[in-house]
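Please work from the sequences and hints to get the whole structure.
The opening position of the sequence shown corresponds to residue 1364 in the working numbering, with each subsequent residue numbered one higher.
Source of the hints: derived by calculation from the structure; they are not laboratory data.
Please note that the accuracy of each hint is not assured.
As the list claims (entries may be wrong) - Listed next, the in silico DSBU-like pairs over lysine-lysine satisfying Cα-Cα at most 30 Å (straight line):
id, residue 1, residue 2
1, Lys-1482, Lys-1468
2, Lys-1468, Lys-1478
3, Lys-1471, Lys-1403
4, Lys-1403, Lys-1380
5, Lys-1382, Lys-1471
Keep in mind the model is a prediction, meaning the values are calculated, not measured.
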Amino acid sequence: MAKKPENGKQRHSTAAKFKTAEELQERLERYFSQCDEEGKLYTEAGMAVFLGTAVSTLDDWWRGRRSEHLQETIRMAYTRIAEQIASDPRYSDRQMVSYRIFLLKQEKFGGYQDKIEAKSDLNVNVKMGKNMEESDFA
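What follows is the structure, given as C-alpha cells:
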C-alpha cells in the first residue's frame, strides 16, 4: 500500500505483494488455467495484469532484485511461457514466426541467438616483388 509523506509524493511500501512463493504459484496457476480455458496465449503482459503488478516488477522478481523468495517461481512461469512459444502451433502461423523468434531471443524466454558474431581482427601485409611496378596496381 502506498503511503503519502509530508511532501505529497507517494512512496511505495516495501512489503512483498506475495508473502510466499506458494501464494504466487497458486495465482500463476489460475492465470495459466484461465488462458487455457479461453484459448489465449500466455504473455508477460497478461501475466502482469492478472497478478496486478507491472511488467517491471516481474522483471525485478525474475532478476532477484525484489522479493527474492519469488525468483524461482517467477522464473518457472517464464519457462512455461517459453515452452508454449516454442511448441504451440499458433506460433508457426506465418504472421507469428517473426514474433516467435523475437520472443525466444529475449533473455527471460531463453535468450537464443540465431548466429554468433565473432570479432575478428585481420591484418594483411602485401610485399611487392622486385619486378613489380606501381603502375601494375592501377
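So, going through the hints one by one against the coordinates:
1. As the CA atoms of Lys-1482 and Lys-1468 are separated by approximately 20 Å, the hinted pair is consistent with the 30 Å bound.
2. Between Lys-1468 and Lys-1478 the alpha-carbon distance is near 11 Å, which keeps this suggested pair within the 30 Å criterion.
3. With a CA separation close to 20 Å, the supplied pair Lys-1471 and Lys-1403 stays within the 30 Å bound.
4. With a C-alpha separation of about 25 Å, the suggested pairing of Lys-1403 with Lys-1380 holds against the 30 Å cut-off.
5. At most 30 Å may separate the alpha-carbon atoms for a hinted pair to count; Lys-1382 and Lys-1471 meet this at roughly 23 Å.
Violation of the numbered hints given earlier is absent; every hint is satisfied by the structure.
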